[in-house]
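Protein chains in written order, with the numbering used here: chain C, 1 to 491; chain D, 492 to 806; chain S, 807 to 1081.
Honestly, the hints are just simulated from the structure, not real lab data. Fair warning: there could be bad hints in the mix.
Stated by the list, open to error - Short derived list, chain D residues pointing at chain C, Cβ under 10 Å: (1) T528; (2) G531; (3) A534; (4) S535; (5) S571; (6) L581; (7) F658; (8) D662.
To be verified - Chain C is nowhere near these chain D residues, computed Cβ spacing over 12 Å in every case: (9) R718; (10) N766; (11) R767.
What the hints assert, rightly or not - Which residues of chain S face chain D? A few of them, derived with a C-beta cut under 7 Å, are: (12) L916; (13) A919; (14) P921; (15) I923; (16) M928; (17) A932; (18) F933; (19) A1011; (20) M1038; (21) L1040; (22) I1052; (23) F1053; (24) G1060.
Glycine included, every Cβ here is placed at the ideal spot set by N, Cα and C.
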Amino acid sequence: MHSTRLTALAAALSAALVHPTLAETIRIGMQQEPTVLDPTADATAAIDVMLAQNVYESLTTVGESGEVLPQLAESWTISEDGLVYTFSLVEGASFHDGTTFDAEDVVFSFDRARAEGSVNPSAGIWTSIESVAAPDPQTVEVRLTGPDAFFLFNLAQGDASIVAPESAETNVTAPIGTGPFKYEDWTRGDRLVLTAFDGHRNAETVALERVEFRFVADPAAATAALLAEEIDAFPSFPAPELVDQFDLDPRFDVVLGSSEGEVILALNNSRAPFDTLEVRQGIAHAIDRDEIIAGAMYGRAKPIGSFYPPHGPAHIDLTGTYPHDAARATELFEAADVSGTEVTLRLPPFPYATRSGEIIQAQLGAAGLNVAIESVEWGFWIDEVFRNGNYDMTVIAHTSPNDLGNFARGEDYYYGFQSDAFDALWEEIRTEADPEVRNALLQDAQRYLAEKAVHGFLFQLPRLGVYKAGITGFWANSPVLYQPLTDVRMN
Amino acid sequence: MRLFLLRRSLGLVANLFVISVIVFVTMNVLPGDPAATVLGIDASEEAIEALRVELGLDRPAWQRYGDWVTGLFRGDFGQSYFFRVPVAELIVERLPLTLSLAVLGMALTVLAGILLGVVAAARHGRSGDWLIMLFSQIGIAIPAFWLSILLVLIFAVWLRWLPPGGFPGWDEPRLALQSLILPATALALVQSAVLARVTRSSALEVMGQDYIRTARAKGLSHGRVLRAHVLPNALIPVITIVGLQVGSVVTGTIVIENVFYLPGLGRLIFQSIANRDLFVVQGLVLFFATVVVTANFLVDVAYVIIDPRLEDRLE
Amino acid sequence: MRGLPIGLALGALLVGLLGVTGLLSLVWTPHDPAAIDVALRFRDPSADHPLGTDQLGRDMLSRLMAASVNTLVVAFLAVAAGGLIGVALGLMASALGGWAEALVMRACDLGFAFPAILLAVMLSTAFGPSLGNTILAIAFINVPVFARVTRGAANQIWARDFVTAARALGLSGAEITWRHILPNIAPLLIVQATIEFAVAILAEAALSYLGLGAQPPTPSWGRMLSEAQTLMFLAPDLAILPGLCIFLAVLGFGLLGDGLRDLTDPRLVRARVNA
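Sequences and hints are given; from them, build the entire structure.
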């Protein structure tokens, strides 16, 4: 015990001596901070953003365009009927505390996540599993209740991180995973520090020695910190209005990509007047995406015509389905007899939402639909709007991948939308193994939602990356919440 | 005297108790479920239910309140729903920042306030007095958050001398101090404006007294009279105001920390109200209320020590 | 005494200006304060837009003017409501004395111990953000202030000889309060109300700044300020102008209140004569 600590200390000292400048320390700016450090216990995105695939690993991982890649599972086979997945695990993986990783850890992690009373935030992954078994220490066999085209992708998420029985309970504050970086220190409200894990099976390919996530909530402070070179990278810069100056400064690279967040003007389809197709079409016509993107996002976002990210493989441009036409919108509102009535727009406390909301209010007002804005807190929004479905309209970004399935959640989901046709379509998508066929089906789904004008589809939340010139390895788009840091290089 | 202290202390505890009930009731009336707020929109209903059980939210409100109160006697301030650590730990973690800010703000307040007040009194009726009173008027009227923004604009955006917000932690003392200068100034300006006024009028009142005129008539110099006779007597009301200002400065950190994005108790309390993190709000409101009430209490005690006749009036 | 003291004059001028601007904006502003035109954003001052345009291309002058109404309405209603309740409580405490007085005063202590801004935030979140609830929250903060001031002043009047005489004549507590106490403390209350007006303006600005005040498209200085905060690098004037308006409004009421107090407080007049 003492000796290992001393060795660690000696190693740290010698590392400091060899690299007195700590050149391979990266300071990454983050707007959101984690609540706990265990992605399997809490849905807060910031946990996955920093820890998934860096501190924790899953059986699979994904690449920048969303393709599934091996991680703790070296390879896998799928049975003919698509129900049994047999994973062969990598050799030589171990947890940061020195315990070795084997099939029992996978069984433990999965059984824990899908157990009764589990706090794992993701239901989608676990409901499709029937059983998990470990025939030998290097093999895991998962049996599903039905075919699930997203299963391998879902396994790559932070919610499906592999944890060890010895440390699972303490992961909320002292995370132990198998990833290339290990937890070093966390000061709430300030920073989270990771260091390279020497015992990782691919340790030699990792360039960074130390990663400091700095929590900077204020966009102005973030700008100043970048300009003062106190932060090296800000992969999701929060304020599009402040990006111009980095564009002009040769010390920085600005990368505009998309996140998985579709920003929608959600309409309560179960409530009058939004239960009428003409009214929803009128809203779609009244909305001017270009003005919203220019006004709220300073031009730095891509418009969407349906509920699918522009960087996804199945994307089709449907922004022309109901082109901006205030006169047509007025006609539709008058025909449906809603002109001059007042509807409420409840806005969560995010700049993209409050800024878009004000412009939408003006646009709908111009077409004859009066909008009263109510800015609400996040806790209120979650409870009243999201869980109780008590709202007319709201603006929100849905940041999960493959979330077209939201529209198949039935009338009780806060959309208040139910369509047998769409439910059938989604079931096909979910079980289709052939990617080509699945993409075609996904396009049908996008078209269907656009034509039904279920919501006002606004824009894709951008991923604005600001990096010190020379830094490479960060993704432009983010198909998942996390950002693997193994490929990041400082120069 | 002893009876007075006892009664005031009991009143103090009763006040804090009522405040805790108010906070508890309001937080339970507020729409918003901590478990759902923590888990966000991608969580399943089952996960939310499980978290409710884990956090103890499935039990009736009065029971949770009872547990919390009994916990207080063991020094247990409850758990944070959001961060899943004891509230005391969260407070202890963030206290150094708020405390440093308050101490720095208070030091600047006292220094600037008394100095300006005395100078104004000494130069009574002349341009120096007029200037200081103008500053005082401005200081009292200026909204602290706007002043903060102006300070950031001037010293962080244009001159780039100081950071516009955030706190690097005391590991880097120089940077830490730098990032506290603007917030402490914003805090102190308003309070020192008030203090300067009180100091000035108190000094003027003392200067109008007969014994001061006598001292001056004896041929003592202006400065000597000021130091030896005016100041000691004028300081009594000033000290009581300073006592009251301790409360104002500590609660003032709530807004200032939010403007400067300082991860202290003030920022925590806003986050916790938004997150419905009941026991953190509970703990922090009690913390701030205790500071205010204790400061007022100490001022009263100081009064009584100085002038025991006041005991009746304060009752 | 040489005419009107300068502070009082300046205060009256600022308050008058604020009132006139507010009234004017009800019938006329240079542009529609809510008209969005993103292409016109961040314009420098020009003949058409004397104070330039904001981040959505809206006319700054029109928005600042329209926001003054919001401020005045909130401050007036909050002070009026808080003042009425507070004065009533204070008079009652003073007239009844005993446990009733103690109860009211302990409740006031409570009000002072609870950080006002937190109380306002919690009330606003409990009832939802809106103009009405902002007024309610600020009124709530005002109640203990008025109650304490009223009770203190009323107690002094109660000790006067003419009140003792009135009591000897068999007048009831309510009658004495109405005929003797209230008229005698009225000047003090008016001064206090003027000062509380300044406090209410600050509180409204702070709540709006935190996003809890009036909702769009109603412009409010506090919200304009918070929206402009991230734009400081781009358009600093957007943060300077609304703050300046808040400052001048608070300064106006503050100077007016102080000036009125100096006029009515004989003790301070004596201090001036002595000096």
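Tested hints:
no.: 1; hint: T528; in the structure: holds, 4 Å
no.: 2; hint: G531; in the structure: holds, 4 Å
no.: 3; hint: A534; in the structure: holds, 4 Å
no.: 4; hint: S535; in the structure: holds, 3 Å
no.: 5; hint: S571; in the structure: holds, 9 Å
no.: 6; hint: L581; in the structure: holds, 7 Å
no.: 7; hint: F658; in the structure: holds, 7 Å
no.: 8; hint: D662; in the structure: holds, 9 Å
no.: 9; hint: R718; in the structure: holds, 45 Å
no.: 10; hint: N766; in the structure: violated, 6 Å
no.: 11; hint: R767; in the structure: violated, 5 Å
no.: 12; hint: L916; in the structure: holds, 6 Å
no.: 13; hint: A919; in the structure: holds, 5 Å
no.: 14; hint: P921; in the structure: holds, 4 Å
no.: 15; hint: I923; in the structure: holds, 6 Å
no.: 16; hint: M928; in the structure: holds, 5 Å
no.: 17; hint: A932; in the structure: holds, 5 Å
no.: 18; hint: F933; in the structure: violated, 9 Å
no.: 19; hint: A1011; in the structure: holds, 6 Å
no.: 20; hint: M1038; in the structure: holds, 6 Å
no.: 21; hint: L1040; in the structure: violated, 10 Å
no.: 22; hint: I1052; in the structure: holds, 5 Å
no.: 23; hint: F1053; in the structure: holds, 5 Å
no.: 24; hint: G1060; in the structure: holds, 5 Å
Of the numbered hints given earlier, the model fails hints 10, 11, 18, 21; all others are met.
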